[in-house]
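Chain residues, written in single-letter form:
2 protein chains.
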Amino acid sequence: MLTMNDISVALEVALSYKELNRSAVKRGLSPSDVTCVTPSAGWFGPSEEGRRVIKVQCFSNQGTPNFYMRPLEGLTMTVDIDKKVVVKFTDTGGEIPVPKATGTDYRFKNQKEPLKIKAINPISIEQPLGPSFTVEDGHVVKWANWEFHLKADQRAGMVISRAMLSDSETGVPRSVMYKGFSSELFVPYMDPDENWYFKSYMDAGEFGMGATAMSLVPLNDCPRNSYYMDGIFASWDGTPFVQPNMICVFERYAGDISWRHSEIPVNGFDIREARPKVTLVARMAASVGNYDYIFDWEFQTDGLIHVTVALSGMLMVKGTTHQTVDQMPSQEAASGPLVSENAIGVLHDHFITFHLDMDIDDTNNTFVKVDLVKERTLPGQSPRKSYLKAKRNIAKTEDDARIQLKLYEPSEFQVINPSRRSRLGNPAGYKIVPGGNAASLLDHLDPPQLRSAFTNNQIWVTPYNRNEQWAGGLFTYQSKGDDTLAVWSARNRAIENKDIVLWYTLGFHHIPCQEDFPVMPTVSSSFQLKPVNFFESNPILKAAPVFEK
Amino acid sequence: MLTMNDISVALEVALSYKELNRSAVKRGLSPSDVTCVTPSAGWFGPSEEGRRVIKVQCFSNQGTPNFYMRPLEGLTMTVDIDKKVVVKFTDTGGEIPVPKATGTDYRFKNQKEPLKIKAINPISIEQPLGPSFTVEDGHVVKWANWEFHLKADQRAGMVISRAMLSDSETGVPRSVMYKGFSSELFVPYMDPDENWYFKSYMDAGEFGMGATAMSLVPLNDCPRNSYYMDGIFASWDGTPFVQPNMICVFERYAGDISWRHSEIPVNGFDIREARPKVTLVARMAASVGNYDYIFDWEFQTDGLIHVTVALSGMLMVKGTTHQTVDQMPSQEAASGPLVSENAIGVLHDHFITFHLDMDIDDTNNTFVKVDLVKERTLPGQSPRKSYLKAKRNIAKTEDDARIQLKLYEPSEFQVINPSRRSRLGNPAGYKIVPGGNAASLLDHLDPPQLRSAFTNNQIWVTPYNRNEQWAGGLFTYQSKGDDTLAVWSARNRAIENKDIVLWYTLGFHHIPCQEDFPVMPTVSSSFQLKPVNFFESNPILKAAPVFEK
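Sequence order for the protein chains is A and B. For the first sequence, this note's numbering gives the first residue as 1, with consecutive numbering after it. For the second sequence, this note's numbering gives the first residue as 1, with consecutive numbering after it.
Since the hints were made in silico from the structure, they are not lab data. One thing to keep in mind: the hints can contain errors.
Straight-line distance between alpha carbons at most 30 Å, and here's what the computed DSSO-like set of lysine-lysine pairs gives [what the hints assert, rightly or not]:
| hint | chain 1 | residue 1 | chain 2 | residue 2 |
| --- | --- | --- | --- | --- |
| 1 | A | 116 | B | 142 |
| 2 | A | 391 | B | 100 |
| 3 | B | 100 | A | 109 |
| 4 | A | 100 | B | 391 |
| 5 | B | 480 | A | 374 |
| 6 | B | 109 | A | 142 |
| 7 | A | 18 | A | 84 |
| 8 | A | 26 | A | 179 |
| 9 | A | 374 | B | 406 |
| 10 | B | 374 | A | 480 |
| 11 | A | 151 | B | 109 |
| 12 | A | 406 | B | 116 |
| 13 | B | 374 | B | 391 |
| 14 | B | 100 | B | 112 |
| 15 | A | 389 | B | 406 |
Between the sequences and the hints, there should be enough to build the whole structure, so can you do that?
Below is the structure:
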């Protein structure tokens, strides 16, 4: 990964470059008004090899800490971070004003007018007897029927290991997942312009989700009674450094229902049974430059693991000469929506690829695609013409497990242990349940897509290999796409009844709008890992309701 | 709709039918052990016309109120509810044992052993100053920047009307939605067997989502500080009756984040800003026989409306001679998974179709499909080969607005007011954001699909017509599919700059598993209505954080 030292070096070199001052002055700014960031350079062909370079782009911080909304559009520097020199400087944006972007300071202390909303009374999650979980040895979280190891990681952000769930019949802990983490985060921007084409971030491998995860804000990022965990990482020179309060763990009660049933009175049963849902969440938030990524791993007593990624922070905006939509050519207006005067919110995608090393009861697991297929009835067989049938297809090799999700070709995606059977004979398993998602539509030979080819499918399954942790390859910065999940999977190895890793990519398309300015309300999406015949029956049937005090 | 009286009549007629007693005795049951339910008969061709009929199927309630798990498989009666006679009786299931189904009583009072899970300490949502919302005239809910009318409805369950949101600049209430409700709920089971083929429920139009919504259980169905609202409905003979505490309204705080941003220290800004998310939820739960459907309409201060449907309750199981999977032919085992001894969980789908009469600022609205399309760069134009472009397509007529969702042909679906522009010139709008979804794969000419043809697409837009409220037609029971959303939409009326209605269908495929036995942990999915240039900027920028006391 790039280190904080690499970034500091790049910024120092750039900020002392005289041409930059000239560009600032030309835009009516003094050098101290300028704040720069370091987009990764990507890799766009053999001519770029042999140098460790980074891009530097700058903004005006005049009157606001939200400099992201005030780009010095058209100005791009390429810095060689080993030689500590600017190797390329271009400024094609002299005609484009720095957006005025008033009212962008989002810090509460600088809000002059109050929010024009009827006030919301204080509300909090209270636990008079304290939380119900423990954290042993600083890392082993035990709660209800769950136990797992939780670790801050410089690159992945947060790693869940050895997640075990007590059997509902015997109370014995059973393995669910050996290791789960966000392996890579690919963010391609959709503008071929010379100042924009390279923006195709691979945030985990380039900057680090843990390295950029700042302290969480108590009561605002995490509710009362949260337990906070530090990250302890290595600096560029080997010195350890601490990211304090980087992860929080808390019990979540949102007023949701765990299970319920009422009977209508007609049959004489007067039944109203409902159980509230309480879950355990491990959370961190990476601030990779402008964007904030909030990761939640939520554990439910019914065995479900719910993984949510929420996006907030700042847009990357592009300066334009246009103040209003009417002044823009219609094509430009559609593709890059105006989010404020002289500021276009550039279209982009986010793809978060999870490494999910499932170990259902043991390492010998099999991936099963249960296809829902339309069957037609035979003439005279039934008044019905059609119905669905579930067809189980065992994935023998990696080829069988490369999956693009299709609404009209639905399947259930299970990881099972073929040797562990329920009393009825069903294999113990977990399924991955996609929620809302988005796919990468870029050309497979486009350099950013080649490097992030792990987003070519939403699901992949590989045999465990200790060198295959990072979906974009161990060395991601300026990588050429020769060490990605797609390359590994192309070997088409056997995956049946083996120690397998499930990969899932969660995607977002983002067409910005004015509500995203100057800081975005969170947008979230999620997927679930859900038991399928792992238990003999509903494991929380016997859960107690809450009674009035 | 069928009335409770229709159901009572059908049950009386069935339970006094001598053949039924014989069938019960043959299975070792006494008549008092038998509980029956009334599946709707559907409509399967002209030969069935002219009679108001209902099916009756029975179960053993011996030792359990969860009779659903103990079917008298193969026994089906057809009752004429006007003539009050059994018009058809078949019992083909004499060889199939009634599943023993031990341990199915889900009532807490009858649990003998405690749950084998480390206890969870008490946890609750507390509001020392009370809730922040008011309910005026029994129906008008006011909270934060929202105001809407909330009504219990015998058919739809819950209706949100005249939802208005205060403008963040002026404080003036602005119209978002004239009316939103669940218009129909289609549940086709996937078994062509003579005792199963007809199971293709249309729960709103046949049984009523409000008519079957029992009292919510305080603290278990809804958190502390909930406000409860009754439903007041008409009986078959016009007598009013009350469904007490049918809807709850509460403020939800789940420890989620409304927006946030941290700066990494490298630029000298030491910023940690985060805002907690508090929302307002209106909830009801319909118990349509075995299944429980929990509907949440959640309102956020950033303008987003989040609609969630959660499913719980009981499976419809099919008796089988097989005790374990090994005894079953492999095809049968795959399609109808064994969930307990002698009990198959039959595959089925759920589709909930929402009527969303959006009125963005006024009635003159337009549906815009913003397609994300891959563009290729020209040779020499850019190191990038491809990027996405947003192309706005205005739907002129209903043909343009029939949409099947595709992951690889993504679009944003907006309802805009072309006359109401932001200061930048962007039209005020809301978009519908699908989450996880499932589509109906049945043959379009299959009678159940013909009657529920509103599930042929996930999105439709129609011009407002007061006769087009119920997606399956005003009279759904034994309908023939000649008055559905698909029929209305086929007229291909003009919809541009008109009072339009957006229809969205949320679907679930359900392959049962042992965890669903004997009562299902909730499964949920959702969609969002989200402002797009409705506000000039993030409307909650100025929201206050929570400070430690």
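How the hints compare with the structure:
1. 116(A) to 142(B): 14 Å, holds
2. 391(A) to 100(B): 28 Å, holds
3. 100(B) to 109(A): 66 Å, violated
4. 100(A) to 391(B): Cα-Cα ~28 Å, so holds.
5. 480(B) to 374(A): Holds, because 22 Å separates the two Cα atoms, which is no more than 30 Å.
6. 109(B) to 142(A): 28 Å, holds
7. 18(A) to 84(A): The given pair, whose Cα atoms are some 15 Å apart, holds under the 30 Å limit.
8. 26(A) to 179(A): 53 Å, violated
9. 374(A) to 406(B): Within the cut-off at roughly 19 Å; holds.
10. 374(B) to 480(A): Holds, at about 22 Å.
11. 151(A) to 109(B): It is violated: about 41 Å lies between the C-alpha atoms, which goes past 30 Å.
12. 406(A) to 116(B): Answer violated: residue 406(A) to residue 116(B) is near 39 Å, above 30 Å.
13. 374(B) to 391(B): 10 Å, holds
14. 100(B) to 112(B): 19 Å, holds
15. 389(A) to 406(B): 22 Å, holds
Against the hints set out earlier in the document, violations occur for numbers 3, 8, 11 and 12.
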